[in-house]
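Novice: Given next are the chains, with one letter for each unit.
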Amino acid sequence: MQPDLTSYLLVGAVLFVCGVVCMATKRNGIGVLMGVELVLNGANVNFVAFSKYTALGLDGQVFSLFVIVLAAAEAAVALAIALNFYNNHLTIDVDRANKLKG
Amino acid sequence: MVGETLKFWLMIAWLLPLAGFAVEIFFGFYSKNPRGSKAAAWMAVACIGIGFLCSANALRIWGNANEWCVLESHDTHGEHAEGEDGHGEEAHEHKAADENSHDEHAVSATDHDAEKTGQTAYSGEIYRLATFGSLTIAMDYYIDSLTLVMFTMVTFIATCIHLFAIGYMSDELVDDYVDHFAHTADGKHVHRPGRFYRFFAFLSLFCFAMLGLVLAGNIFQVFIFWELVGICSFLLIGFYTERKSASNAANKAFIMNRIGDFGFLIGLMVLWTFFGTFRFGDTAQDNVVTEQGLFSMVHRDAESHDFMTDADGEVLITDPSGHVLKDEAGKARTIPYFLLVIAGLGVFAGCVGKSAQFPLQTWLPDAMEGPTPVSALVHSATMVAAGVYLAGRFFPMFAHEVLLTIAYTGCITLFIAATIAVVATDIKKVLAYSTISQLGYMMLGIGVFGWAAGLFHLITHAFFKSLMFLCSGSVIHGCHHEQEMPKMGGLLKKMPITALTMLIGVFAISGFPMLFGLHFSGFHSKDAIVASALAFVIANPIHYLLFVIPLLTAGITAFYMFRLWFFTFWGAPRDQHVHDHAHESPWIMAAPLVILAVPAWLCAYGGESGFLYGMLTGDEPAHLATGVTAAGKIVLPSHHEIHQVHGDAGVLALLAAFSGALIAYILYGTTLVNVEAMKKQMSIVHGFLTNKWHFDDLYDALFMRPAHKVAAFCAWIDKTIFDTILHGLAKAMIVIANWDRMFDEKFVDGFVNLVGDATQSVGSSLKVVQTGKLRQYVMFIVLGVVALFAVVFSTFPG
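Note that the protein sequences, when read in sequence, are chains A and P. The working numbering puts the first residue of the first sequence at 537, with every later residue one more than the last. The working numbering puts the first residue of the second sequence at 9, with every later residue one more than the last.
Keep in mind that the hints were calculated from the coordinates and are not lab data. Some hints here could point you the wrong way.
Claimed, not checked - If you anchor each label on the Cβ, the simulated ranges turn out as follows:
{"id": "1", "chain 1": "A", "residue 1": "I604", "chain 2": "P", "residue 2": "V770", "range": "56 to 62 Å"}
{"id": "2", "chain 1": "P", "residue 1": "V790", "chain 2": "A", "residue 2": "K588", "range": "54 to 60 Å"}
{"id": "3", "chain 1": "P", "residue 1": "V763", "chain 2": "A", "residue 2": "F602", "range": "17 to 23 Å"}
{"id": "4", "chain 1": "A", "residue 1": "V547", "chain 2": "P", "residue 2": "L791", "range": "48 to 54 Å"}
{"id": "5", "chain 1": "A", "residue 1": "H625", "chain 2": "P", "residue 2": "V770", "range": "32 to 38 Å"}
{"id": "6", "chain 1": "A", "residue 1": "K588", "chain 2": "P", "residue 2": "V770", "range": "48 to 54 Å"}
Glycine is no exception: its CB is placed at the ideal position from the N, C-alpha and C atoms.
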């Protein structure tokens, strides 16, 4: 039996909410990054699920591939920032990163 | 083409001093040692010296081109006389006394024009400056024998004066020159940088201006250079500008000349209105006249030799061949006779100012404030010569009345100036007054139809007067800037070269005859003028003063010139201090004296059958030879009539000169008469003369004081009325401005500040939102998204 669209969206929504909660609650910078990955992958699930309804049936999958590549790039940059932040503050607690406070 | 060649050489001579001026004046800025270098002086000497060579060459070319035909009519003995510039290759032995040749000469003079073969006058355009409708302003040239003689004379004398000035001005070769005659406010001497190079730059400019004036081919161009000569004399007379007297003298010379120039301008306007051109001569191409000049526009009647007139007495304007020109309506073009007279008088008014004639003569003695080389240049070859030159150049346009005015002006001038010279004690002042007097002679000569005589005297006078001025400069230099003759005396032994060259000048100006068988130049030229005057008076007995006064003045001239010489060089020293320190000048100053002494003595060699006179008369206006005998007017004598009385006039003039010199010798050369006692006895006359006939006082009372009164009145009006109005306006403006400021500050500034303040407060209240807490931002995003969804779904529930 083929699962219907709703279950895909449900998995995507759960992943998304988990990611958002992770981002909102973790003080560890790496944790926040992990939350970001969850959010992106939640979105990827939705892309893949919806791709069935497009003319070629491939558009959403190509999009999700782009998102994965971008996520990798983003992770590389973010990890570099985290590393530098650690070098300067000896911690990766994002609450300590409040230099831009107005 | 002879005209082109002449133009080429004369333009070089003319423009070189200008180039020299430009280099010399900038030399001072770019040289390492401008104050101590004589380079500028040698530059100036080179420019004018080359100019002299070019002029002499042009003279030679001109003579060769027409085979010296101008000399032939005078040349009854088949010989050429020595050139006035001393390059006398064609000079031969002079055999006969002048008197013997007079009769033969007079006969040949009448058909003088018929004999003339080659073309002798050349005119044309150098450069067109502007064209306004039918008015053309151009740099033209007009070259005839008078131009060439003037060029050669001016450049030669200027060269000598430049050389002399190198020695005379050498104390300016310092960075710190102390002017002992100028004082600062606290009574100290003025210290200033030396101005050696500047002096020579001005001299060069002066020469350029004068040569341009002589070369000028139209009357407007003459006016341009006329003014340029004026400004140069202003600069040089006021050379010691720190001295109050010098700057005053410079102003006086300039302003007096302005008065004459005003008349000049009126003359120019009349000429242009009626003739439509400023040119002197016709411009011809292939013997076809392309542009007609002034001189050919008035034609002279064949019988009376007066201007051709129509039935109403208006002067007809003709083409070169004598046919009356018609205007567009077919009527003959004419100029009212009185306007022709006014034009002539106007141009002569300019000459009066420039040549220091009565009543504008007072500037010239004051001009002695300039350095002595300047005095020599101004009073011989350049400035004052310009006036006489123009009177001679413009002669064909002068009507009877103008000529009579010229004659009387000259007559009055020569007498007044000579009498003042008798009592002057400043050595330069005596020479200055003698210059005025001699200029009066020249004007008189021109006025009584002795055109050639007047210009003859101009040339000879230029040589001996520049010589005497340089001698006086040498004396002043040798006596350490002492100019008062009563402090001199007995300088003959101290400065023999100066004394002897000066003596030659004195002989020449007094009109003395021969020494070693050679007549002095002044003898010939003054004789010629006196003879012209005598012939004129014989023809018009009512004007007898025109002969009597010059004759009397010839005696006075000899008297004051010998007085000067005896005073300075003869007898016992009057001031031992001055005498002890006196010394002969260095060679650079003495050499020009010796060089100049030669032409001063011999330039008129041969008299009226000599080279110089022949050159001058070569292009004389044609009606001179025949005289003018118009009905009801003054009779102007012909050459023949003048020559008939030449002998008598010469004897009379000689007697006058000898008696003058004799009296001078008795009074000042011997101790027979007590001069001081005489002075006391005639104190009224003496005072009158030392005060210069009260001319300065008269002008002071007539013009200066009224002008001061008017000025004071105007100043009062300005201060009490106009100033009050202006101050009131200013105060009102201040009040308005204050209101304006208040509006600006309160309203405009207030609004702008309000906007700024509001922006700032909004910004600062929003800045608290930026907490910098990452997790909080995520919460905001989530809440925002939820809120957005809530809004979207509640708005579009389908």
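Novice: Tell me the hint numbers this structure goes against, listed in increasing order.
Specialist: 1, 2, 3, 4
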